[in-house]
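Undergrad: As a plain string of letters, each chain reads:
Number of protein chains: 4
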Amino acid sequence: MSNEIGLRERVREPPCDRLVESYYRPNVARALAITFDHEMWIHLAHVLMLGRQGIVAQSAVAAILGCILDLAEGGPDMIPVDDRAEDMYSYVEREIVRRLGADVGGRLHTGRSRNDLHTSSARMALRGLLIENLQALAGLRTTTLDLADRHAETVMPGYTHAQHAQPVTFGYWMLAVADVLARDHRRLTGALLHADLCPLGSGALTTTAFPLDRIFTSEALGFAAPLDSAYDGVASRDDALEAISACATLMTGLSRVAADLQAWSTWEYGFVELADRHSAVSSIMPQKKNPAALEHIKAAAGITQGLLMATMACMKNTAFADVNDGVSAINEPVYDACQRTCRICLLLTEVLQGLTLNPDRMLLAATKGFGSATELADVIVRESGLSFRTAHNIVASVVREALEHGRTADQVRSQDLDAASQALLGKPLGLPQAVVTQALDPAANIRVRTILGGPAPSNMRMGIASRRAALAADASAIAAIAERIGTARMRVFGLARAARA
Amino acid sequence: MSNEIGLRERVREPPCDRLVESYYRPNVARALAITFDHEMWIHLAHVLMLGRQGIVAQSAVAAILGCILDLAEGGPDMIPVDDRAEDMYSYVEREIVRRLGADVGGRLHTGRSRNDLHTSSARMALRGLLIENLQALAGLRTTTLDLADRHAETVMPGYTHAQHAQPVTFGYWMLAVADVLARDHRRLTGALLHADLCPLGSGALTTTAFPLDRIFTSEALGFAAPLDSAYDGVASRDDALEAISACATLMTGLSRVAADLQAWSTWEYGFVELADRHSAVSSIMPQKKNPAALEHIKAAAGITQGLLMATMACMKNTAFADVNDGVSAINEPVYDACQRTCRICLLLTEVLQGLTLNPDRMLLAATKGFGSATELADVIVRESGLSFRTAHNIVASVVREALEHGRTADQVRSQDLDAASQALLGKPLGLPQAVVTQALDPAANIRVRTILGGPAPSNMRMGIASRRAALAADASAIAAIAERIGTARMRVFGLARAARA
Amino acid sequence: MSNEIGLRERVREPPCDRLVESYYRPNVARALAITFDHEMWIHLAHVLMLGRQGIVAQSAVAAILGCILDLAEGGPDMIPVDDRAEDMYSYVEREIVRRLGADVGGRLHTGRSRNDLHTSSARMALRGLLIENLQALAGLRTTTLDLADRHAETVMPGYTHAQHAQPVTFGYWMLAVADVLARDHRRLTGALLHADLCPLGSGALTTTAFPLDRIFTSEALGFAAPLDSAYDGVASRDDALEAISACATLMTGLSRVAADLQAWSTWEYGFVELADRHSAVSSIMPQKKNPAALEHIKAAAGITQGLLMATMACMKNTAFADVNDGVSAINEPVYDACQRTCRICLLLTEVLQGLTLNPDRMLLAATKGFGSATELADVIVRESGLSFRTAHNIVASVVREALEHGRTADQVRSQDLDAASQALLGKPLGLPQAVVTQALDPAANIRVRTILGGPAPSNMRMGIASRRAALAADASAIAAIAERIGTARMRVFGLARAARA
Amino acid sequence: MSNEIGLRERVREPPCDRLVESYYRPNVARALAITFDHEMWIHLAHVLMLGRQGIVAQSAVAAILGCILDLAEGGPDMIPVDDRAEDMYSYVEREIVRRLGADVGGRLHTGRSRNDLHTSSARMALRGLLIENLQALAGLRTTTLDLADRHAETVMPGYTHAQHAQPVTFGYWMLAVADVLARDHRRLTGALLHADLCPLGSGALTTTAFPLDRIFTSEALGFAAPLDSAYDGVASRDDALEAISACATLMTGLSRVAADLQAWSTWEYGFVELADRHSAVSSIMPQKKNPAALEHIKAAAGITQGLLMATMACMKNTAFADVNDGVSAINEPVYDACQRTCRICLLLTEVLQGLTLNPDRMLLAATKGFGSATELADVIVRESGLSFRTAHNIVASVVREALEHGRTADQVRSQDLDAASQALLGKPLGLPQAVVTQALDPAANIRVRTILGGPAPSNMRMGIASRRAALAADASAIAAIAERIGTARMRVFGLARAARA
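Protein chains in written order, with the working numbering: chain A, 1 to 501; chain B, 1 to 501; chain C, 1 to 501; chain D, 1 to 501.
Just so you know, the hints here were simulated from the structure itself, not pulled from any lab data. Certain hints may be false.
The list cannot tell twin chains apart, which means a pair is met if one copy fits it or any two copies do.
Claimed, not checked - Straight-line Cα separation of at most 25 Å, DMTMM-like style, residue types lysine to aspartate or glutamate; simulated pairs:
no., residue 1, residue 2
1, Lys427, Asp70
2, Lys368, Glu273
3, Lys427, Glu404
4, Lys427, Asp474
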């Protein structure tokens with residue numbers, strides 16, 4: 001009789017080839033690759049619960065547990081796929097019914113729907129991906145703090161609008177990156193908290209009249225808590241939108257970091273060089289060493305932005321209910337985005353670690369360009385009592401003059417300021433040359449910026465220490481969640497092994 | 001002399017007309033409309049601080065404070081705009097210098113840059129918009145809970161894939177909406193926490209050597225805390241990405257709610273009807289009453305998704321630094337998205353409040369459609385001991401048969417089950433007709449779903465109560481932030497008035 | 001010596017594992033699957049040309065041609081991939097050098113770069129995908145015209161804003177779909193014309209000093225013409241943006257068609273039913289038959305919109321030059337979008353062919369709803385001489401009254417109009433009941449709409465005939481391009497076989 | 001009586017404030033600003049046609065024409081807006097009825113709907129915007145060709161992956177830009193052809209039984225032809241998707257041009273400098289001159305990509321029918337995108353015209369960097385008979401060696417090649433130094449690239465001439481369409497003035 005029952009009794013035809021090709025086959029392949037283990041774990045937890053609640057007899061429970069353990073241990077290849085059914089679960093149930101008969105195997109799905117099964121396994125997959133991302137991000141944050149530390153005094157021009165602005169250090173730039181990434185951690189954590197709720201027991205959309213114990217299954221699957229409303233549990237996927245938004249935001253930030261590094265690794269800047277292993281060559285141009293990893297990172301950011309838009313576009317205007325386009329089709333772009341983001345975090349970590357800096361080129365640029373002009377104007381304010389705007393205008397005309405005559409910042413002299421002051425105010429400034437020289441020294445610029453948030457080395461030391469502590473706390477929190485999940489899995493598999501037929 | 005100084009001393013031409021038309025004029029108009037008051041407040045706080053720190057003499061401080069208070073009280077129209085300068089601030093400073101002379105007016109901007117001025121006012125604007133959104137959202141959540149309560153027993157078909165699935169109540173659907181919105185609250189709150197940090201004092205990108213007191217200005221502007229790194233303070237806008245992602249996620253959810261309501265307000269469903277004031281007519285078709293508000297909500301969701309993408313696309317591949325495309329140009333789509341989201345929350349609240357339900361049509365559809373078939377199968381499992389899949393297959397063939405003969409769910413008889421069982425198992429089921437009738441009753445279906453997350457009325461009562469409590473706590477937290485900001489503003493304006501010349 | 005040369009002489013390390021995992025391995029896999037044959041064909045054409053131009057000696061030409069023919073005939077599995085090189089081409093050249101030695105095998109790439117090789121093969125792949133799409137679209141257009149023909153008199157309500165508007169026929173709706181698709185054909189054709197230009201010979205970005213014959217290779221590869229500027233040939237990918245925009249536009253249109261069909265296949269409408277083979281069931285709800293194909297089509301439209309955005313986001317702000325993010329990384333989303341679009345066109349064709357209509361339900365809805373109210377107002381204008389707006393207002397009040405009393409359109413009587421007219425104008429209309437009845441008859445409404453673009457059956461017959469003719473011409477034009485390409489391929493492989501060593 | 005009729009007779013309330021604020025008020029404002037004149041023109045054409053067809057008596061026709069001419073001449077301010085109606089048309093009709101009474105004024109809308117009125121005026125607006133864009137684009141193309149001509153021999157490094165690749169000229173780069181823009185012209189033209197079809201006469205969705213002359217009105221409105229199917233005429237907006245896709249593609253391309261110019265205008269490259277009028281300064285950093293126009297162009301590209309996504313997201317999953325979200329709400333982003341694109345084309349034209357080049361810096365970079373290495377390898381092939389790959393490897397090791405010792409390209413000597421050859425092949429190359437020097441000369445590199453598409457000056461001259469001819473033909477074609485439209489407008493207004501009461 002086992003061959004006579006199945007999911008598609010309601011209809012008289014199997015799915016057509018076009019639908020299989022476009023829809024079911026890629027979906028089944030994705031499920032086998034990503035959620036197979038999660039679903040086996042869910043089956044075990046559900047069946048253990050059915051037994052505990054007396055909904056299914058212990059003998060049947062034991063048989064089904066044994067069968068699922070076999071499949072789980074055998075892996076995805078155990079599941080025969082013939083393109084006649086709709087999803088991985090159909091094939092799993094068919095295999096179980098084939099092995100145990102309809103009367104036993106047909107009880108696995110009691111009080112359950114593919115709706116809650118799939119949103120549960122999707123949340124488990126998403127939860128896992130988010131944890132991997134948070135761990136990869138922690139590694140990247142560690143590296144950015146290490147580099148911030150190492151290069152806290154490596155002077156270079158700071159830019160705004162791609163023009164020399166004020167001197168910074170490479171470490172100071174890196175520290176700002178670390179701060180963005182710390183907020184990315186919080187965004188991913190926010191998404192994780194929402195993904196970490198268990199919809200199992202929602203059934204199709206209204207739970208069931210069978211006396212399920214949803215708290216048991218939630219704990220058995222390592223979730224933080226059950227997701228309350230069954231309707232919410234099968235219809236909502238804002239957890240996925242939040243996760244992919246966090247990924248796209250993170251990746252957009254990394255595209256900016258990569259853009260800076262690519263500019264700085266040009267022949268014209270010459271500030272940094274990627275390791276050979278992160279670079280590509282040319283098949284025709286013998287001199288070429290291209291920063292392949294950086295362009296790849298930027299491209300991955302673009303793809304991730306598109307995956308976010310795909311997810312939102314899929315969901316838009318769908319019924320607020322379990323529907324393919326609004327609930328399950330989005331897993332594809334969401335998993336893809338999470339996986340890409342994780343790989344890019346790992347890659348960028350390596351790229352940063354492999355970077356060679358050229359501090360001489362950096363300092364030279366900072367010295368020749370006019371990035372110290374603000375400090376010069378500020379010094380005029382402090383020394384001469386002029387208003388800032390007046391001092392600003394004096395320096396502006398000195399710079400304009402210097403550039404028009406091909407002079408660099410280190411060639412600015414006290415007399416130049418006097419001449420400009422004479423023209424604007426009718427009197428010279430009379431600043432000693434030593435004061436001017438000091439104001440124009442990029443490293444000195446940095447040393448005097450000691451207020452909160454400034455690049456002075458003392459600030460950097462304290463700031464890096466406090467950020468290392470925060471990072472350690474973040475990493476511990478993620479480790480605790482990962483451990484809770486791992487423990488739950490071991491417990492369920494253990495219970496199942498103890499109870500198997 | 002006051003006319004001789006200005007921001008553009010470095011260059012010899014004003015902006016060209018094309019650049020003004022495409023860039024500066026809309027930017028200035030937006031600033032005057034949205035950030036004028038925020039920037040006046042910042043000027044006051046900054047100048048008060050410059051005085052307290054001894055950076056600018058009290059006489060000049062008093063004069064500048066007086067001038068700014070004049071402008072703040074006079075409003076945006078006080079600022080003469082002639083399309084020769086780059087932004088609202090240029091016009092403001094020019095006006096102050098015109099009034100006070102270069103030697104006094106030229107001191108306003110000491111130790112400050114437009115970079116930190118603008119990211120501070122942008123964060124204040126964003127903070128305000130997020131608070132407005134959270135307040136509007138609280139109103140919408142209240143209404144959804146009210147409706148969940150009122151319609152906890154208004155039976156209707158529940159749908160998956162737009163087909164009858166299982167009976168639900170209108171209140172149960174509404175409660176799931178409320179749960180999504182509660183998570184939207186948390187996402188918007190996450191964004192608010194990141195927007196609520198003060199970059200003032202960052203200067204252009206590295207703070208300054210003037211001894212600014214960044215904690216004073218942060219508190220004076222009602223921020224939760226200073227944003228530490230100055231570079232971060234002028235280069236990062238992940239706060240904006242987080243805010244607009246949260247808006248787009250919220251709006252995507254609302255598009256689904258609107259899609260349901262639009263389907264249910266068709267002639268064919270006839271479940272709900274919008275109030276006339278939320279409806280449009282036809283200029284040609286006299287019978288027409290169109291659910292205009294719903295289509296507008298869905299359109300606004302699409303626009304908001306696009307604004308999110310605009311923001312991410314602007315920022316992508318820009319230098320990680322203060323640049324127009326990555327930092328300031330995004331304010332336009334971000335403010336727009338926040339404002340639309342707020343208006344839509346307010347509108348949907350009214351639409352829901354104005355909705356007329358047709359409980360008879362809803363119940364009829366639930367009774368005639370086959371949404372109770374799952375419960376029938378479950379009853380077979382419980383009564384006959386068959387496995388769920390076998391019971392499912394029996395009911396599936398009964399339904400298929402009924403539909404092929406044009407029968408409705410309430411016409412299914414015990415004999416139909418017997419016939420199907422006979423065909424599949426070789427024996428009848430023998431279920432009493434009363435059991436079948438009870439299983440097929442939609443209201444009874446709902447009453448028996450009492451486990452966690454089910455639609456049983458008792459569940460609904462408890463669930464609504466706990467959600468009302470959570471909502472009240474959320475609203476209090478937002479009110480506290482709003483009050484902190486309001487208090488800070490009053491204090492600064494008070495200090496300024498006391499100190500004005 | 002053959003093992004001593006290679007592409008990465010310039011650098012000292014192979015690509016690192018992270019870069020391989022994230023970048024090179026998926027790229028190589030995609031190339032082996034999609035562009036292997038195109039690149040073999042390019043190699044043959046290029047080497048034949050090198051021989052004809054005397055750039056490489058005939059003996060080496062013969063040897064290389066033989067080697068490439070071997071690989072082409074053996075297929076992608078012939079290429080040993082060890083994750084130490086950057087792309088498929090590196091492996092191909094390495095294999096050729098391994099077989100023929102550096103002195104012969106090292107000549108394949110003379111006067112060529114991977115830049116022009118890859119943009120050529122990308123255009124060949126895109127060209128092929130666009131042709132497949134145009135052919136699938138032609139099939140879909142044929143089916144829509146067939147259904148427009150078959151259902152030219154199948155009356156149903158026409159909707160605006162999801163409310164009954166005016167009577168239409170299913171065929172009339174289908175014809176409008178056909179007209180959108182005809183414009184999609186033109187958009188895809190526009191993209192094809194731009195993809196169908198040959199960049200080969202562009203070299204890295206400036207051609208070469210070797211006397212290449214670009215016209216020979218362009219013709220040999222079946223292109224319409226060479227793409228003139230070499231810089232354009234390696235830096236631009238607007239061909240790809242145009243293609244994916246056309247796909248996303250087409251898919252957005254199909255999402256609307258699917259949305260209509262899904263609404264009409266609900267229990268509440270009951271107008272159409274999908275074939276079982278295009279439907280999915282429920283694992284728990286025995287009655288369920290879900291229009292899976294329609295939700296899949298809508299989801300695919302969302303994904304395609306996201307792929308468009310991914311492509312644009314990748315390209316944004318990249319240098320206008322050969323760069324990974326702006327030129328080659330976009331192939332992934334572009335191919336994906338084209339393939340999905342093609343599969344969906346084929347699937348929707350089948351879905352439409354498998355559709356079961358319920359003309360009775362359709363006509364009943366058209367009769368009971370108030371879709372004929374416009375015609376009634378128009379008849380009043382024609383019969384009574386009232387202005388349209390006055391007649392519109394009379395009918396509007398009649399409808400409002402009827403709905404408030406639960407009456408349907410077919411219950412409207414002449415006296416109802418008289419009463420409304422009396423209220424508004426102070427006098428009855430006095431329309432004979434037969435005139436009212438005729439005006440309210442949905443089928444009659446359709447018959448009288450005979451002006452250009454109206455749904456009258458005579459219009460439909462003529463319109464379908466002219467569209468069939470246009471479709472045949474479109475299909476012929478595509479067939480001619482496909483044949484040109486096929487002929488060119490056969491010629492090149494023939495020349496190569498004749499010349500092989 | 002005139003005050004007693006109106007559009008909203010069917011309902012009992014005016015729109016609520018929230019709906020007005022969020023939906024109607026901005027829509028009416030947009031209509032008054034963008035489509036007022038188009039709609040007046042449509043009214044005239046429609047009423048003239050109603051008279052010619054005998055549908056409305058000449059006396060009423062004359063009165064209505066007079067009234068509309070009054071409004072058209074008075075401008076949008078003539079229309080009283082009180083936020084009680086739904087759209088501009090409602091206010092216009094109300095005003096006409098107020099002036100002429102219901103019996104005359106109520107006839108304006110005979111045989112017409114807002115549906116066809118609005119899609120007609122939307123197409124007229126879109127048509128106009130596309131023509132403006134095409135004209136602005138023609139100006140930009142002219143400037144790019146002028147610069148290509150002027151700088152056909154201004155040598156600079158050509159880049160791939162932001163690294164020196166091969167020498168190019170600034171003119172050669174500019175010419176590639178011109179070629180992309182020529183394709184943008186074709187895409188915009190494709191969109192224009194689809195927008196240039198007249199839906200007037202479609203009525204609500206099925207035309208009407210009044211004997212309208214749709215060909216008359218189509219010609220009167222200057223359209224190329226009527227849009228055949230009435231349903232298509234009110235339900236489809238693929239014209240808008242095509243237009244905005246073309247804009248977004250164009251803008252994406254311009255973002256790349258701006259990215260190059262921004263890189264080249266850094267202190268580090270120093271190749272180009274924007275005019276002061278296209279630059280911004282800093283309020284704090286006196287030395288700053290920022291390429292504001294370029295960042296604005298890139299930001300505008302990002303916004304335009306977002307507007308495209310907004311448009312597609314709005315339309316997705318809407319009914320294929322006249323609905324707000326799929327048909328009319330998209331006008332906002334589409335108009336916005338077209339207007340931004342036009343402004344950016346005009347701005348970039350000016351920016352290019354105002355650019356100052358630094359040919360010395362450009363040539364120096366081309367000479368010092370290793371961009372001529374490919375030519376050196378090619379010369380080895382030609383002189384020594386080695387295979388290209390072998391030559392490539394020899395040069396690669398020479399370059400690697402040089403860079404590791406801090407030498408520039410112009411310091412490479414024949415002996416360096418001999419040493420590398422000795423290491424790889426066991427024998428020196430023996431190339432005369434003069435040959436090496438010539439191969440490494442960037443200008444010589446360019447001169448020898450004379451094959452189709454190469455940068456040799458002779459190629460440039462011919463290529464620019466042929467492109468100028470193509471551009472002139474493009475401009476003529478657009479001018480002819482603009483003239484057709486202008487003539488039609490003059491004719492209709494003339495006929496109306498002749499016939500006015």
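Undergrad: Determine for every hint whether it applies to the structure shown.
TA: For each hint, the structure was consulted:
1. Lys427 <-> Asp70: Intra 93 Å, inter 34 Å, cutoff 25 Å: neither.
2. Lys368 <-> Glu273: both (21 Å within a copy, 18 Å between copies)
3. Lys427 <-> Glu404: Answer is within; shortest intra-copy Cα gap is 23 Å, inter-copy 52 Å.
4. Lys427 <-> Asp474: neither (59 Å within a copy, 61 Å between copies)
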